[in-house]
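A.B. asks: So the chains spell out like this:
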Amino acid sequence: MTNHWIDFKNSDVILIMGSNPASNHPVSFKWIQEAMDKRGARVLSVDPRFTQSSAKAHVYAPLRSGTDIAFLGGMIKYIIDNNLYFAEYVKNYTNASYLVNPAFKLPGDNNGVYSGLEGSKYNKDTWAYQTGAGGVIKKDMSLQDPNCVFQLLKKHYSRYTPELVSRICGTPKEKLLEIYKEYASTGKPDKAGVELYAMGWTQHTVGTQMIRTMCMVQLLLGNMGIAGGGVAAMRGESNVQGSTDHGLLFHIWPGYIGAPTASLKTLKEFNEKRIPTTKEKNSLNWLKNFPKYSASFLRSMYGTNATPEEAYAMMPKLDDGANYSWLVLFDQMYKGKFTGFFAWGMNPACSGAHANKVRQALGKLDWMVNVNLFDNETGSFWRGPGMDPTKIKTEVFLLPCASSIEKEGSLANSGRLMQWRYKAVNPPGVALPDGDIMSELFFKVRGLYEKQGGPHKEALTKLTWPYGKKTLDGHYHYDPHSVAKEINGFFLADKKVENPTKKGDFKEFKKGDPVPTFAWLQDDGSTSSGCWVYCGSYADKGNMAARRGTKDASGIGLYSEWAWSWPVNRRIIYNGASVDLNGKPWDPKRPVITWNGEKWVGDVPDGVGDPGSGRPPFIMKPDGVASLFGPGLVDGPFPEHYEPLECPVEKNLLSPQKHNPAIRRFDKPGVGSELDVYSGVTGCDPRFPFICSTYRVSEHWQTGVLTRWCPWLVEMQPGMFVEMSVELAKERGIKNGEKVIVKSARGEVEATAIVTPRFKPFNIDGNIIHEVGIPWHFGWITQARPKKKYGKLDKKPQVFTYGDSANLLTPTIGDANTMIPESKAFMVNVVKRG
Amino acid sequence: MIENIKLFDTSKCTGCRSCQLACKQWNQLSAKQTRNTGTYQNPPDLQPNTYLVMRFQEMDDPKAGVKWFFRHHACMHCTDAACVKVCPSGALYYTDMKTVGLNRTICIACKECVTACPFDIPRYDDKTDKVYKCDMCESRIGNNMEPACAKACPTGALLWGDKEKLMKAAYKRAKDLGGDAKVYGDKFVNGTHLVYVLQEKPALYSALPTNPSVPLSIVLWKDVLKPLSLLAAGGVLAGSFLHYIIHGPKTPDENGASKKEGGE
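Quick note, the sequences are listed as chains A and B, same order.
Heads up: the first sequence begins at 618 in the working numbering, then just goes up one per residue.
Heads up: the second sequence begins at 79 in the working numbering, then just goes up one per residue.
Careful, some of the hints might be misleading.
[Said to hold, decoys possible] To give an idea of the interface, some chain B residues facing chain A are shown, with a C-beta separation under 7 Å as derived from the structure:
hint : residue
1    : T88
2    : T92
3    : G93
4    : R95
5    : L99
6    : V144
7    : W146
8    : P232
9    : T233
10   : K243
In short, the hints are calculated from the structure, not lab data.
Built from N, CA and C at the ideal position, the CB exists for glycine as well.
Let the sequences and hints guide you as you build the complete structure.
C.D. replies: Set out below in structure tokens:
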């Protein structure tokens, strides 16, 4: 998130939309409650279902799953029409004044799509800015020019009238306006609003754009970079922030460096492609430093065994145009394209969309290595329901690993806070920390390459691996401190470097000295750093993530001495936008940074130059200003409402374009497989008439791969349920607590019906449409199976669960930008089990 | 002596159930097989292995809209505890902190406490032949720590602290909340040590008595009949003793038997 958890207490209005923090991030409610108690903050809940968060909110508004862009688009219209935007902030800190190519067409004038659509891809030539002398972007600071971003924004969202939004979303018009009014009140300089989102916004074919709509709202209201503001992405796993920071997604290297494609053959070409350029003379354009980060990362991989250029040549590349996302990966696996698979700390048989396809795909492998704490549906897929082990050739190795409390290391939470953790107990039996397992595997593989050779042998044999040592019993003990130090980075040779923030001031570094911050990283290969945004976390002052200082000098809950947040221990990013052009905080009562005459004090200042310098504060954007108009996404520079792929309506009421034109349909010939079926694409399918969404409960986590083995948790939440409205239950003759079956075009699950007023039927343009919801925490392996024989090494649950995975129902369709599956809006049927 | 209370504020509770889990963990209670009966509430009620259960209730009010409220259901730790009153063995007792402790080793499983409790808290287990209930984490509170449930609560819905201070805060909170909000636990059994700030009327909460009191039969039995009978028993003893002093022991002469001479 842009801010951090504790910062919620500084908000005046907290919008909970696309998430349910009371259930799924329970400790966050400590800070939300404090905001309510200490500053009278208002809490707004917008959700298809009245959740535990809604139970604490001041206002609850129902919303049909998948229609969040319509809802927020209406909010943008409301803000502009009622002049509630923070004009000075918008003019100076966003690209509102930028003039766009007059050939650019908005969906309202172009059959629901932007100009440049060719098939399912956009040619973005018309999405460019007008430029003048010297290639500088033309602007209209009065925001009146019909081609300026602000006027285009206004025109685009003028179609999102409350009447139309209400018909699309199923939200009563008065509730829409109530939410709009409350939230838009944070447009004043001394008011702060924050929005909390999670998978409720990411897991849609328009997910990225949903989040972007909110970023735009926050920019219009001047809520980015201030205390109590920002956009709060609440991560779903205690260290998933760390995992993305360190590049565990297919498209990035650590530090969010875009992974190179095969056509970028040299480091020079790669750097050139990645370095953003700008003609804005005052823009700092921080990513111009990209070559320092790429060189330092390459050094962390190969050390001095290769030059950065050689290292680059050895690193794997992405085939141009190829997509390696989860949905594509498992599709390829289903088609037999993989020999082996490491399912490391994950349970795809329950977490992957269209779990039936995943489970069958696993059967096409020659081998699988399943590293986890306990047996699970993935490692044991071959003996799951509907599987015939005699017909499956996959050899599965289950490697037991240590849990987070059985090893030392760090976790990075949603607030970018890296906190060191210690080992409390030894792992049981032969379980080992992942680092130990990974190291041993690497040594074996490297040894084989050294002996037998093989393609790209040196890519393996030249890797450095200084992460520990063999103990007396010959076992390798991975040391997280060595990794943390390498992530921070160090000098590979003695070097005298000029202080990046103080010209003429030089510092002498010796070989092996840690790099103080990423500003000191070098592009000539003299520095190494495993992840540039973490540079400074383990430098000359030691392990900053282990600090537990409880002083808060800021008064706004920054706690700058507790652990360490990236980058450079900054707690609120974009805080340069929290002050006006003269460096004065917009809100003197909640200042994030203040100028004391000589320097900025408070939080670590972000991007802001000295007061009056005229430097635009969003330094990570090439032009220094935030994007209201965002041509970087694949499906449009402004978010536009499109319907979920599987949906209950005939038409998109907003335009003739029903679905996001840039999505990848797996049912198209040559794309997916015969298993990739959808329902309700062109019109409501009577076989599957209800909208279904998936969500979580406090008591279980993810696929329940760990929590379903904990008797206390299972006692509280013993099994699969489906929440439905009283009206729907009556229609189907379903009683509360009765067993039912939920089915989609792809599969079915048994569940207990929870009949509740917390779901109400939606009135969508005069039609009654029902929505139901299911948790995705369950799987077959912890079910009671009276006839099952448990093998000697098999784990038998103390308390059994009921029901299999919700993902047996979800579709293989993903967000146009990220490919995350649309698990929050698809079509199902619910029938009595009998 | 310190007198603390556990204050539960329904308006701050999100139903996360950290408290219910913490209680299981601290007391090392077992988990039993449950099934979903159409609610998140599980186990469905207090049990010998469940000293604290979070109760989930929904309401659909035409004016106020949908409501979902959560109640922390556990022993109220009464100042005048019916269970302590009836317990023949002293297994149930008042601690120094004025909470109600339970020493299971001397529990004789008479189950009088189960019938007597106006809040229906103690649970009997026929497998172990013992009674079970929350003991306010006696091992913790006697060592300057709050009960496990209060420690686990993330939002401050559960607080452990000085009775006077927390009662004051409770009244203020009820006042600030307005509507039907009120404090519960101050007006009966001479005050409880689990006190609630309820957002709704007490009658709306499941399994929550609106006017609990120590049952009259028990009051009559223990406070009237028992003292009287003890008095009576004591009177008999005292009377007999007095009689002995005044009249001396009963001798055969008193019956006139000594006046008769045998044979003449």
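A.B. asks: All hints are to be evaluated individually against the structure, with a verdict given for each.
C.D. replies: Outcome of the hint check:
Interface hint status for T88/B: violated, as the beta-carbon distance to the closest one in chain A is roughly 10 Å, over 7 Å. Taking 7 Å as the C-beta contact cut-off toward chain A, the hint placing T92/B at the interface holds, the least distance being around 4 Å. The criterion of a C-beta within 7 Å of any C-beta in chain A is met by G93/B, whose closest approach is roughly 5 Å, and the hint holds. About 6 Å separates the beta-carbon of R95/B from the nearest beta-carbon of chain A, less than 7 Å, and the hint is met.
For L99/B, the shortest C-beta to C-beta distance to chain A is roughly 6 Å, which falls under 7 Å, so the interface hint holds. Taken as an interface hint, V144/B checks out: its beta carbon lies about 5 Å from the nearest beta carbon of chain A, inside 7 Å. Interface hint at W146/B: satisfied, since its Cβ lies 4 Å from the closest Cβ of chain A, which is below the 7 Å cut-off. Checking P232/B against chain A: minimum C-beta separation of about 4 Å stays under 7 Å; hint holds.
A least Cβ separation of about 5 Å between T233/B and chain A falls short of the 7 Å threshold, and the interface hint therefore holds. Among the interface hints, the one on K243/B is violated; its C-beta lies about 16 Å from the nearest C-beta in chain A, farther than the 7 Å criterion.
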